Amino acid sequence: MRRLFRIYLEKPELAGVALLFVLTVVFEIRSDGVFLSAENLRGMLGLLPEVGLVSIGVTILMICGEFDLSVGSMFALMPVCIALMTNAGVPFIPAMLLGLVIAAGVGFANGFITLTFNIPSFITTLGMLFIVRSLAVVLTGGFPPLLSSDLPTGVFTQFVGPGGMIRASFIWFVIIALIAAATLGGSNFGNWIRATGGFFDAAAAMGVPVRRVKMTCFVMCSMLAGFGGTIQVFRLGAPLPSIGEGLELQAVAAAVIGGTALMGGIGTVFGAIVGALLIRVIDNGLVLSQVDANWFKCAVGGLTIFAVVANSWLRRTARRIKVEA
Amino acid sequence: MTTPLISVRNLHKWYAGVHALKGVDFDVQAGEVCGLVGDNGAGKSTLIKILSGVQRPNRGEIRIDGRLVQITSPKSAMKLGIETIYQDNSMVPTMSIARNLFIGREPLRFAIGGLGLLDYQRMREGAMRAIADVDLQVRSPDALLGELSGGQRQGVAIARAMHFKSRVLILDEPTNHLSVKETSKVLGFVRSLPAQSVTGILISHNLHHVFQSCQRIVVMARGQMVLDKPVAETNVDEVSDAL
Chain U
23 MRRLFRIYLE
33 KPELAGVALL
43 FVLTVVFEIR
53 SDGVFLSAEN
63 LRGMLGLLPE
73 VGLVSIGVTI
83 LMICGEFDLS
93 VGSMFALMPV
103 CIALMTNAGV
113 PFIPAMLLGL
123 VIAAGVGFAN
133 GFITLTFNIP
143 SFITTLGMLF
153 IVRSLAVVLT
163 GGFPPLLSSD
173 LPTGVFTQFV
183 GPGGMIRASF
193 IWFVIIALIA
203 AATLGGSNFG
213 NWIRATGGFF
223 DAAAAMGVPV
233 RRVKMTCFVM
243 CSMLAGFGGT
253 IQVFRLGAPL
263 PSIGEGLELQ
273 AVAAAVIGGT
283 ALMGGIGTVF
293 GAIVGALLIR
303 VIDNGLVLSQ
313 VDANWFKCAV
323 GGLTIFAVVA
333 NSWLRRTARR
343 IKVEA
Chain A
571 MTTPLISVRN
581 LHKWYAGVHA
591 LKGVDFDVQA
601 GEVCGLVGDN
611 GAGKSTLIKI
621 LSGVQRPNRG
631 EIRIDGRLVQ
641 ITSPKSAMKL
651 GIETIYQDNS
661 MVPTMSIARN
671 LFIGREPLRF
681 AIGGLGLLDY
691 QRMREGAMRA
701 IADVDLQVRS
711 PDALLGELSG
721 GQRQGVAIAR
731 AMHFKSRVLI
741 LDEPTNHLSV
751 KETSKVLGFV
761 RSLPAQSVTG
771 ILISHNLHHV
781 FQSCQRIVVM
791 ARGQMVLDKP
801 VAETNVDEVS
811 DAL
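If you read the protein sequences in the order shown, they are chains U and A. Just so we're aligned, residue 23 is where the first sequence starts under this note's numbering, counting upward by one. Just so we're aligned, residue 571 is where the second sequence starts under this note's numbering, counting upward by one.
These are calculated hints, taken from the structure and not from any lab test. These numbers come from a predicted model, not from an experiment. One should not assume that every hint holds.
Said to hold, decoys possible - Using 25 Å as the maximum straight-line C-alpha spacing, the simulated SDA-like pairs for lysine to any residue come out as follows: (1) A:K645 x U:T138; (2) A:K649 x U:S209; (3) A:K735 x U:A226; (4) A:K735 x A:T753; (5) U:K33 x A:D712; (6) A:K645 x U:R233; (7) U:K33 x A:V708; (8) U:K33 x A:Y690; (9) A:K645 x U:P231; (10) A:K645 x U:N140; (11) U:K33 x A:A713; (12) A:K645 x A:R737; (13) U:K33 x A:D689; (14) U:K33 x A:T753; (15) U:K33 x A:Q691; (16) A:K735 x U:P231; (17) A:K645 x U:F222; (18) A:K645 x U:K33; (19) U:K33 x A:M698; (20) A:K645 x A:A600; (21) U:K33 x A:L687; (22) A:K645 x U:S209; (23) A:K645 x U:A226; (24) A:K645 x U:T205; (25) A:K645 x U:G208; (26) A:K645 x U:G207.
Full structure from sequences and hints, please.
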């Protein structure tokens, strides 16, 4: 038991992994084997990269001690901009890059306003949630612009691998996740992110460029959200200005379920992915188990509260054991 | 007379209408431990923050070894060999000892433009050596700072300062939240600084601590120096009056 606690303290995402395993077994039985069928996994893995990217960005930003509630809106704005640009004759790659620049700009604004006026990022990005969503709707006039069918969107959406099991987006997702994990866990910049979120004054006193660290995280979070939305739009084929509504809170839920501390300083990229996957599994598993799908939000909500309660309880217990040992 | 290690002249600092330092002159000789005392708001924290690069003065000059320097950031203070240990301790509770020791100065396996991959092996070994050097009993460099007692945390902070071969160690109320036993350990360490050829500045509310561990005592009041004497030539009463 003591060993278990010690492992937990070092790997806060483990509870999520355990839960993932249990739910997989439950849903597999309840759905008579449909849940783990190739066809169903294919669908789930197609959706995971889109929300997974958002969760990674939000998680890293939370670890450095800030929030971004505008990710759901950014999820819609970047693909809308790309669709409008390509319709206006901008080639695909420059349009993608410009889209990322716009996302970076929103992230920069979030960070700049938060840090310059020293206000909670919760408020800055709540405002930005409305502003960016409004922009997406105004730019499109409320109707999704046409997405030209000769865009090479296949680099993100086509099925690849043995039996076409996964989409290209999944490979992009894995590469980005690996880079993010290596940065957070194994680089000096990752050390600065943790220190900044863990104890801001100490990080500053030790010469960490805390402002720049936070700015970078804001920008990166916004870009990941825009990129995730763009992949989703390429998959669906229609840049709806309304996609991603509510996604900001799902991303925070995923981060928290994956062991990220709300106050910053603690969390992992792997945890973000586990959290995002858990939410997808619940969504999909409830449907397959023929439960009324409207219970989905209820389940995610319950899980979020449970995760935080369990996390803080385990952390306290683990600390007590360590001190006695 | 030898050139002081640190020499501050006519230092001024204003905060939003408050004149926190009013032309402070302050010298520290190499190899001494200097006690800096003063009531709350006397300006000692401001002076220390300027010396450790957390804040910048509005006017005045700072010399190290007689050479005029600009301390623009905590980094530049560290480069000059000035390390600071704060009362609420400058450690991140959610990070391991090894990671804490090297915040901002991580050993890297390779780097591009100052960013790169951590050399975790070297961090762990360096941390082990650093804590052994200050006689600290900690099981593993992977233990989280938050699991340690206040005295152990302060010990890690001291280990960090010593590991980076500081010339001047500033201790800002280092014994504030410590038990009696831990306090005497920290004070013992302060007394041992000259033997390790490190110059110390000890800020404390507790005059007895200062008299126990310093060679010279400097008193600040209302943003100015009001007393500067070797400990042997003064006593608690005189210092209390100056406060």
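Point to revise | Index of numbered hints that the structure contradicts, given in increasing order | key: 14 and 18
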